[in-house]
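If you read the sequences in order, they're chains A and B.
Residue numbers are given in the UniProt record's numbering: position 110 of the first sequence equals residue 110, and the series is strictly consecutive.
Residue numbers are given in the UniProt record's numbering: position 424 of the second sequence equals residue 424, and the series is strictly consecutive.
One should not assume that every hint holds.
The list makes no distinction among identical chains, and a pair is therefore deemed to hold if it is satisfied within one copy or across any two copies.
Restricting the straight-line Cα-Cα distance to at most 25 Å, the calculated cross-link-like pairs of lysine to aspartate or glutamate (DMTMM-like) are [to be verified]:
#1 298 with 218
#2 398 with 31
#3 453 with 437
#4 432 with 50
The hints are simulated quantities; they were obtained by calculation from the structure and are not laboratory data.
There are 2 protein chains.
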Amino acid sequence: MSEGFIDELRSALDKGAVLSGGDIDARYHHDIAGNPVPKPRAVVRPRTTEDVSRLLRLCHREGVPVTTQGGMTGLVRGALPNANEIVLSMERMNSVEEVDASAGVAIAQAGTPLQKLQERVEQDGLMFPLDLGARGSCTIGGNISTNAGGNRVIRYGMTRDLILGLEVVTADGTVLKGLRKYIKNNTGIDLKQLFIGSEGILGVVTRAALRVFPAPVERQVALCALPSFGQVTTFLRMARESLGGELTAFEVMWNAYYRLTVERVKGVAGPLPTHHPFYVLLEASGSNPERIHADLEKLLETAMGDNLILDATLSTSNASAAAIWRIRDSSVELGRTFPYTARVGFDVSLAIGRMEEYADTIGSRVRAIDPQAFAIVFGHAGDGNLHVNVHHEKTPDKHDEFERLVYDITGEFGGSISAEHGIGILKRPYLKMSRTEEEIETMRTLKRALDPKNILNPGRIFTV
Amino acid sequence: MSEGFIDELRSALDKGAVLSGGDIDARYHHDIAGNPVPKPRAVVRPRTTEDVSRLLRLCHREGVPVTTQGGMTGLVRGALPNANEIVLSMERMNSVEEVDASAGVAIAQAGTPLQKLQERVEQDGLMFPLDLGARGSCTIGGNISTNAGGNRVIRYGMTRDLILGLEVVTADGTVLKGLRKYIKNNTGIDLKQLFIGSEGILGVVTRAALRVFPAPVERQVALCALPSFGQVTTFLRMARESLGGELTAFEVMWNAYYRLTVERVKGVAGPLPTHHPFYVLLEASGSNPERIHADLEKLLETAMGDNLILDATLSTSNASAAAIWRIRDSSVELGRTFPYTARVGFDVSLAIGRMEEYADTIGSRVRAIDPQAFAIVFGHAGDGNLHVNVHHEKTPDKHDEFERLVYDITGEFGGSISAEHGIGILKRPYLKMSRTEEEIETMRTLKRALDPKNILNPGRIFTV
Chain A
1 MSEGFIDELR SALDKGAVLS GGDIDARYHH DIAGNPVPKP RAVVRPRTTE
51 DVSRLLRLCH REGVPVTTQG GMTGLVRGAL PNANEIVLSM ERMNSVEEVD
101 ASAGVAIAQA GTPLQKLQER VEQDGLMFPL DLGARGSCTI GGNISTNAGG
151 NRVIRYGMTR DLILGLEVVT ADGTVLKGLR KYIKNNTGID LKQLFIGSEG
201 ILGVVTRAAL RVFPAPVERQ VALCALPSFG QVTTFLRMAR ESLGGELTAF
251 EVMWNAYYRL TVERVKGVAG PLPTHHPFYV LLEASGSNPE RIHADLEKLL
301 ETAMGDNLIL DATLSTSNAS AAAIWRIRDS SVELGRTFPY TARVGFDVSL
351 AIGRMEEYAD TIGSRVRAID PQAFAIVFGH AGDGNLHVNV HHEKTPDKHD
401 EFERLVYDIT GEFGGSISAE HGIGILKRPY LKMSRTEEEI ETMRTLKRAL
451 DPKNILNPGR IFTV
Chain B
1 MSEGFIDELR SALDKGAVLS GGDIDARYHH DIAGNPVPKP RAVVRPRTTE
51 DVSRLLRLCH REGVPVTTQG GMTGLVRGAL PNANEIVLSM ERMNSVEEVD
101 ASAGVAIAQA GTPLQKLQER VEQDGLMFPL DLGARGSCTI GGNISTNAGG
151 NRVIRYGMTR DLILGLEVVT ADGTVLKGLR KYIKNNTGID LKQLFIGSEG
201 ILGVVTRAAL RVFPAPVERQ VALCALPSFG QVTTFLRMAR ESLGGELTAF
251 EVMWNAYYRL TVERVKGVAG PLPTHHPFYV LLEASGSNPE RIHADLEKLL
301 ETAMGDNLIL DATLSTSNAS AAAIWRIRDS SVELGRTFPY TARVGFDVSL
351 AIGRMEEYAD TIGSRVRAID PQAFAIVFGH AGDGNLHVNV HHEKTPDKHD
401 EFERLVYDIT GEFGGSISAE HGIGILKRPY LKMSRTEEEI ETMRTLKRAL
451 DPKNILNPGR IFTV
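In isolation and in its complexed conformation, chain A is listed as follows:
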């Protein structure tokens, strides 16, 4: 970076867009896992797509690396700056620009927090179905760059499935104006797909045209206790068949997750006792309240009659539904109740038929290394996705060993090492467990073609 480069940025961009030195707040280089992060050379906070383009054109010319930041809630260190990088924060591009109920589209700037978008479209009787625990701080741009999943994938798909068009700035400052609203548009290579889920290494998303749906009139949540994982899978099949398109979430929690969350996380209450082996949170939504109630009650009755579920509670109000969701959404808070913060968090896809054996294998092999270590397992069973946290307070020096162990077991079970969190820096050493050499080499070819100077989030996912 040449001497006067920061000054050149200052004069090229919107006044106040460039922060440096003491003006850089700690939040731009803060790791939620507590590891030290170098301070960036500058933080640039554009208000317009044109400023993003100007910034990248200059950085491309100089070969200056840039790391793009959304809400900083990612779990794979993808948005933390390396030494000498410039941070591009999207926090000032946070407007919902348009909501079109008849077309079923909302247009939002990339720095818009997810919850802000959710609440804005609710005013028009609509729903943006993407939802995850970090909704208050994560941004639409971050959701797109990581192809976020979350709680309603079973009904509405991943973020990718909710995107109609994207405006993107590529490494040399070119603006790809693809903010289209069509559901169907087969006109050559679908470029937006390249930028969804590629963690910002191919371009910076600046605005998105997103699918919105009529908000369900009624949403009801049940929490159920089940005696075995076999019964969880039978119950899932039964729920799919009887609820059809009304089934909007099916989340499973192993005993340790439910029990410890109820016992340790402040403000969380458990409506069912904590001794059951498995808990399922099930959500049904639709336009006909009587039907949703009747369908859900009938499902629970049948499941009880078949001895699939041991106990269950149904939400009776929005508040009680939110209280049940709060249990499932408290995974980060649960982690924070343990003193050793470097707990190992995993996010895997695998066949639902092998999930119980997978969790048991992790539990026993974790205990073989450290008898007091244990795994907390939960996740989106209906999507084939589990989250696993391994707690080993007494053996912090064995972090790498536990990490390796879980990835090895995931490989043995034919799973994916990242269902929704992405690769970033943290999982880079394990990428080859889920992608072939030829695939990784093809990714490199694309990166070199679109970012020949390797300035966008360099070193994330793979090294060039």
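Fit chain B to the known structure of chain A by using the hints.
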């Protein structure tokens, strides 16, 4: 192409895979629109992915262009060989290799006809939801390469939404083994997205892991007559709200389409009189027959009571449902009943609120050129997608003028020039009406990076 190249292919590949000279059947260079097509230098019909890889490695070395063929039902001349090209026909890779009901996945070779796959998974009580009129001859590989849409997009999305993993051979013969079965797999760039809908210019799809769903127990079809397009859109909103996830198709036909199909296409019977301005085919599906019947009857009653629909008929059996579908599926047959085969066919996306004005504008401006010319309009209204055929039997010399006219009007209405058919050769001159210069240049960058010798379907979509 060097002298002995065809012989080299013959010795490198499976015996019988290479046809040349008089062994090349006319079907490999037959245009359904009747235009002359040059005979390819050879037709290669591999049985294995390894043979596709060997073929491309040799063609890459020699710089020999290859055009890949599926069922040859495309509408944009994308699969017709240019002079001196080698045809890669996928017709011998046509097996459904695996159907896994519990995982909801089927694995099929690219040359498998769509209907063969549909029927195979039906044996296991499953449904592959992609469906279009060409089902008997189009192939899974062709569906993927064109991101086919069809009749159930409103509920299940485009082909892209139905793909979990792909095996692809790139231009230099590299095999990308991405045949994964996960719904969620965020492990770096999602390479498969590059090959879906890019019309074979970046790679050859050899096998696919496809999502399959429990087959609905009941499927019922209604055909309705409506007095105006405004009432069509109100009826669509009502159907979405009242049927929710049960609504699996909503197809609209302008009077000319319905009337002419009933009058001219052999074997098609019209259950409603032919004088109504608009006809809607609506399909509802689900696991509970009584509920589907009751919901559909209630919807039709309400719509009749609100004077939205003038007349309606409900299917009473699989046979009567198929008879109604046959009307909507006969667009190609209808075109063939006109003596002048070079009718101009369009496939556009636009806002549903502007569809009526769009169709009226085309009608009046077509008549201004030729008073006896007329437009036939129909399509997937629920997805924002219309098909338009302009018939101008008396003025065949004005083909280009009519084509230009419809694209101009599509541009004026902010529409996409290809909702589902793709660009191929036919629409290449109009690509810039739906994509920006920067987007097309980025497509070229990708093409050069993945196919530096420009051997895969060269000249389709754009020239390098």
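Exercise. Which of the stated hints cannot be reconciled with the structure, identified by number in ascending sequence?
Worked result: none
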